[in-house]
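Visitor: Take a look at the letters that make up each chain.
There are 2 protein chains.
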Amino acid sequence: SKKKLALEMLSSWVIYFFIGVGTAFLAAGVQISVELIAHQKFELIKDYFDKCDKEGCLYKPVLIWMGINAGITLVGAALVTYVQPMAAGSGIPLIKSYLNGVRVPGLLSLRAFISKCVGVVLSILGGLACGKEGPMAHSGGIMAAGLGKGRIPWFGKDINIYGLFRNDHNIRDLVAAGAASGVSAAFGAPIGGTLFSVEEAASFWNTELVWKVFFSAMIACFSTNVLLSAFEGHPTQLSNPGLVRFNVFPNLTFDLIEVPVFIFIATIGGLTGSLFVVMNYKLTVFRQKYLHRKKWIKVLEAGLVSAVSAVAAFLLMFSVNDCTEKHPYSHHAITTKLGCSGESHNSMSTMFLTTPEGCLKSLLHDPLEMYSVWSLVLFVVVFFLLGVWTYGLSVSSGVFIPSLAIGAAWGRLIGLGVVQLFPDQAKDVGKYALIGAASQLGGILRTTISLTVIIVECTGDITFGLCIMISLMISKWVGDFFTTGLYDMNVEVSGIPLLSWEPPPLCEDVHVSDFMSQPVMTLLSVERVGHIYDCLSGESFNGFPVIEQDPNYDLMYRGKLKGIILRHQLLVLLKKKMFCPEGQLPAASITLKDFENPYPVPQRLKIQDIELSDADKQCVMDLTPYMNLTPYTASISFSMPRVFRLFRGLGLRHLVVVNDNTEPIGMVTRKDLAKYRAEIKKGMLHMEQLTVENR
Amino acid sequence: SKKKLALEMLSSWVIYFFIGVGTAFLAAGVQISVELIAHQKFELIKDYFDKCDKEGCLYKPVLIWMGINAGITLVGAALVTYVQPMAAGSGIPLIKSYLNGVRVPGLLSLRAFISKCVGVVLSILGGLACGKEGPMAHSGGIMAAGLGKGRIPWFGKDINIYGLFRNDHNIRDLVAAGAASGVSAAFGAPIGGTLFSVEEAASFWNTELVWKVFFSAMIACFSTNVLLSAFEGHPTQLSNPGLVRFNVFPNLTFDLIEVPVFIFIATIGGLTGSLFVVMNYKLTVFRQKYLHRKKWIKVLEAGLVSAVSAVAAFLLMFSVNDCTEKHPYSHHAITTKLGCSGESHNSMSTMFLTTPEGCLKSLLHDPLEMYSVWSLVLFVVVFFLLGVWTYGLSVSSGVFIPSLAIGAAWGRLIGLGVVQLFPDQAKDVGKYALIGAASQLGGILRTTISLTVIIVECTGDITFGLCIMISLMISKWVGDFFTTGLYDMNVEVSGIPLLSWEPPPLCEDVHVSDFMSQPVMTLLSVERVGHIYDCLSGESFNGFPVIEQDPNYDLMYRGKLKGIILRHQLLVLLKKKMFCPEGQLPAASITLKDFENPYPVPQRLKIQDIELSDADKQCVMDLTPYMNLTPYTASISFSMPRVFRLFRGLGLRHLVVVNDNTEPIGMVTRKDLAKYRAEIKKGMLHMEQLTVENR
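Chains as they are written, first to last, in this note's numbering: chain A, 1 to 695; chain B, 1 to 695.
Accuracy of the hints is not assured; some may be wrong.
According to the in silico footprint, chain A covers these stretches of chain B (three or more CB under 8 angstroms from chain A) [to be verified]: (1) 206-219; (2) 655-668.
Label pairs and their calculated CB-CB ranges [to be verified]: (3) His332(A) <-> Ser11(B): 49 to 57 angstroms; (4) Val381(A) <-> Ile114(B): 58 to 66 angstroms; (5) Gln518(B) <-> Phe25(A): 55 to 63 angstroms; (6) Lys617(A) <-> Glu208(B): 48 to 56 angstroms; (7) Lys326(B) <-> Gln425(A): 36 to 44 angstroms; (8) Leu7(B) <-> Leu421(A): 37 to 45 angstroms; (9) Gly495(A) <-> Met9(B): 27 to 35 angstroms; (10) Val377(B) <-> Leu421(A): 54 to 62 angstroms.
Just a few of them, taken from the derived set where beta-carbon distance is under 10 angstroms, the chain B residues facing chain A [said to hold, decoys possible]: (11) Pro190; (12) Val198; (13) Phe222; (14) Asn225; (15) Gly460; (16) Leu466; (17) Met473; (18) Lys476; (19) Arg558; (20) Leu561; (21) Ser635.
Derived by calculation from the structure, the hints in this document are not laboratory data. Every value quoted in this text rests on a predicted model; they were computed, and no experiment measured them. From the three backbone atoms N, C-alpha and C, an ideal C-beta is built for every residue, glycine too.
So that you can see chain A by itself, here it is in the shape it has in the complex (with noise of 0.2 angstroms):
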C-alpha cells in the first residue's frame, strides 16, 4: 500500500507535467497556424486593395475578402454545430460549470477537442471578432481529461497503464490543471493560470491540487516560451512566454495625480461593459426563441456575421480615408495605401488587415499620431457591435481578445484627450489603451482575481500592476450595479445549477423542509428488481437512500437509513443481472472495474436500454455490498445556509434528509439549491427562485 502510494504520487507528477507540455504543443500548434494561414491571407487581400486602388476595381478585394471570411467561417460553424455543438463559444463557462460540479455530457469528448481546436483556428481566420484564450483553456481541460484516463479510443485500444485516474473527483483535478495551463500558455501568466482554475473551479482550496495546478501552468508557458522561440529559430533564447503577452511597455511609470484618469476609464469600462452584456442577453434571447431551433441556421448566421465583418472593416478604411506616415510599431504589421497618396499608408489597415490579437497590440504600442480621433470612434463602435454579435454564434471562440481590443481604443482615445490637455506632462497614450483595456474586460467579465493577475502578467510590470487592479476593481463594481459579467449571464440562460460561493442571503429562514424533493424513493438494503426498475424510471434522481427494513413498522418503504446507491451502480447491476430469485445466491459476479469502466460516459447507459423480463423482476437484488454506508445527511431542521455549506464544503450532489429516526424524509440536489439566486439589479437586492435544469 506504501508503494502503490508512492507510485500515485510520482505518476501524479509526470501526468500533471504532460498536461503542461500537452497544452504547449496545441497552443503553439493553433498559434503557429493561425499566424502563418491569416498573414498569406491578408497580403493576398492587401496586394488586391493596392492593386485595385488604382484601377478603380475596389469591389473585388471586398468580394473576396467577404468570399474568404465567409467560406472559412462556415467550415468552422458546421464543424461545431454538426459534430459537438459543446464547442461553440469561449467555453470557459461550461468548464466553469463542469468543475462547480454538474455534469456537462460531451464537453470533454474527443469530439469536442477537435471540434474547440480546428474550430478556433478556423473563427480567427474567418475574420470574426474573437480571440483564442477560452477555447485554449477548454481544449487544455480535455486534453488533461484524456492524459488522465489514458485512453486512445479511436484507435478501439486502450492504452491504461495506471488505473488511477478514472475517478470523478480526480479528473475534475486533471481539467483543472488543464485549463490553468491553457490560460497559461494563452496569456503567458501561470500565477493568473492557476488563480483561474482555483476561482471558478475548486470550491476547496487544497495546497497540494494547487502546487500541481500551478506546476501544470508553470511548464505550459515555459515550454509555449520554448516552441515559438524555437518556431522563430532560436529555441534556447527564450523570448515568447506567451502567446498574447501585450509586449513590453518601455515607460509605464506613473504619478498619483494620473490615478483620477483610470477611475474615470474604469467607470467607463464598466459602463459599457454592461452594456455589452445587456445587449448580448437580449441576443441570446433572441436566438433561443428563434434562431437556433435549425442547425443551418446556426451555421449560416455565423458566416453572415463573418462576411459583415469584413465588409464594415472595408467600410471604415475607405470611408475614414485616415493617412499616416508613421510607422507601425510592430514590423509584421500590413498596411496598405487605400486612397492615400505618397509616402502615407491608410492607417486603418493596420487595424484590420490583421487578427483581432494583431489589432489589440497595434492599438497598444502604435505612436501616438497615428490614429485620428475619428478612425477610433467608428472603430469602438463598429468592433463593439461586432463583438456583441459574434459571441454566442455557434463557433468555437474567445471573447477576451476583442473585448480588449475595443477597451483599447477608447482608452487611447482619453488618452489623445489628456495628451491634448496636458501636453506638457503626457506623451504617451499606450498607458491610457491598456487601462482601457483591462477596464472594458473587466466591465463584461467581472472575474475578479484571477483577470487581474492575468493582465499584470501581460504587462509583466508589477508596480503598474496597481493601477490595472484600481481600474478592474471599478470596472467591476460599476459592472456589477446593473448586470451580472458575461459569462454569468451565460450560465443563468442555459439553467445550469451552478452554485455561487456562498448561501445566497435573506435565507436564513428557509428551511430543508421547504426545498427538499419530496416523498423520497427508497430501497431495501436487500431489493425486489421490479422495484428497482420503477424507481429508475420513474426518478430522475442519481442517489437512492437504501433503508433498513424492520418488521415493526406498519409501511412498507419506511425504515433508518442504511446507505445510500447511485443510480449508475444500480444501472450497472441491473445490467449485469446481478440478482437471483429469492433465497438463492446470485450467479454472476462483478468487479469494481465494472462500475469503472464505462467511465467516461456514464450517463450513456439508460434505464431505457435494460430490458428485464418478468421473471427477472421478480428476483431480488442485495445492495449491502455494493452501497456507500456511510453518506452524508443533514437533519430536517437545518437551514437553508446550512445545507449549502454542506454542499459547496463537500462538494455534494445530492444529500438525504432524515428525520430524527435517521429514517430518509427526503433528498436535496444541487437543482434545489441552485434556484435560490440573489441579484443585485440596479443597486437593488432581489431574491429570486430561478428554473433550473437537474443535472
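Chain A is fixed; fit chain B onto it per the hints.
Guide: Frame of chain A; chain B shown alone:
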C-alpha cells in the same frame, strides 16, 4: 434587513480599506525608524573603525558594537518575554494555526501588537540576523482584528459603531486580510500576500473574501509606496512598492542551457535548508528542556547572540581582509577601510555595516569582483550558524531575510564559478545570487505557491519568474525528502493541533469509534445546575451535546440529540444566574450582547471564577433557547478521512458522534484528528500519533 445587508457590505469594504492603510502606516513606520537609527548606529561604528584602524584601538569599536547590540536586544527580548511571549519569533506559524481554527490565546492582544512592532525594530537594530516580514504579517493581523472589533480597550472606552465584526468567523477573515496586507506591504507583493493568506488560512476558497483580502493587500502596497515616497520627498512619484523589493535587475534574461545550473543551485538549497531545519529543531528541543524554563535566561540568551553577532562580524572583516576598489551598488552603503590602503576599502564591511536587508541587496546587486571567494564562504558559514541560533530566540524576528541573504551569498559563490568556467557567456552573478536566495528560502520554509509569487513580485520580472519557480519547486522537493519545513517543525514541536489539507494517507481503515472521545458528557435540555457545573469542571470540551430525555429509557443521560451548547455559553449563563428552582421562571434575563461582549477573550471566563451555592446547584436551567439546534453530526460508521473532510470543509472545532438512534455516543475534536499525521522521512512514509494539546 436589506438595508442592514447593504450597510454590512459597505462597512466591510471600509474596514478592509483601513486594514490596508493601517498596515501601510505600520510598515512605513517600522521601515523608516529602522533605516534612520540603523544608519546612525553603523555610521558611529564606522567612524570608530576608521579612527582606530590607524590608532590601533580596534577593541573600542568592537566593544561599542557589542554594547549597542546587546543593550538594544536585551530591551527587545525583555519586552517580548515579559509583556507578551506570543510576540516571539516570526508569528507566522501562530497566525497560521489561528487561521487554521486553533485557539491561540493572547495572539491578537494589544500587548502582542506592541511587543511585536517595537520588538522587531529593536531586534534589527540589535544586529540580530533577522528580518521584519513575519512580524509585519502578525502585526497586520492584530491591527485588522482590532479594527474589526472597533474597540480601544486601554482608554476604557468602546467605540463600537458597528457590531458586525464580532463573531469568530468575521474576525478570522479580517486577520487573514491583515496578514496579507502585512506581507504585501513588506514585499510589495499584493498577489503573493493574498495567496499567502489563502494558502495558510482559508481552507475554503471564497472568492468574495479573497477579493476583499486582495483589496486590502493592494491598498497596503499602494499606501506603503506613497508613504515611503513621501518620506523621500516625492509623494506623487511612486517608486517604493514595498519594503524589501529586490530592486531592478537590469539584465535578467536567461538561456535554456542555464537551467541545469539553476537546478543544481536549487538542490543545494534543499539540502542546506533541511540542515537549517534539523539544526534549529535540535536547538529548539534543547531550549525547551534546559534554557527556556526561566524568563531571564531567555532574555540573556538573546543579548548573548547579538553580542556574538557583532564579534563574528568584526572577526570576519578583520581576518579575511578582502580589499576592493569597486564601489557598492547602493549610495547609502557604509564602508570602512579596516586594514585596506589607498582607494580600496574592506569589502566585507559592506555586508556587515548594514541591516540584514541591506546585506541581501548588496549580495544581489554589487559588482562581480566585489567579494572574494573566501569572504563569501566564511560569510555563508557564519551567517548560517547565526541564523540557526537566532530563530527561536525570545525576540520578535523574521526568518525570510536571513535565509535569503545566506542563499544569495552561496548563490553568488556558484555564480563566480560559472563566470570562471564560461567567461564568454556569463558576465554577471546577480542572477545566480537571486536563484540561490530563492532556493535557500524554499529549502527552509517550503511555503510553495505564495512564496514563489512573492519572490516573483519582488524581482518584478515575470519571465525570469519561471526560473525562480523551478528552483523553489526543486528545493522544496529535495528538502521534503529529509524534513518538514521550518514553520511546520515549529508547529509540531509546540503541539498545536493543526489540520493538514488532506486526510492523512493510510487512514481509510480508522473509524470514528477508534479515535472519538467517550463516554461523552451530555446535558438534558432542562438541566440541573449542579450537573452543568460538574460537566464544565470535569471536561475540557468546548461544546456539549444536549439531549431529549426519553421517559422510556433507563439511562438518565441517554437520549436523542437535540442540539449542542458551547462551553462559553454555559459559562455566561451560569455567571448571569439564568436558572431558577424547578417549576419557576428565571428572574434574570440575558441578551445576545451578553454572549458576544466578552468576545475578544472568551477564554478568560473560567469555571473556577464562578461561585455557586448549594441552593443554586439544585436549580434548573433551560438550555433550549440558547443551544444550536442543528449541529453537524457524524455517524459511528464514518471513516477517518470522511470526518477529516467534514472538519476541514466546514471549519468545525468539534463534532458529535451519534448512533442509529441519533443518540450522542462520542465527541471528536481537532485534537483527535491532528494526532494522526503521516510523515515522509528519508523517502518513506510513516504514520505517527503525535501528542497535541487540546485547544
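Visitor: Which earlier hints turn out false for this structure, listed by number in ascending order?
Guide: Violated hint: only 19; rest satisfied.
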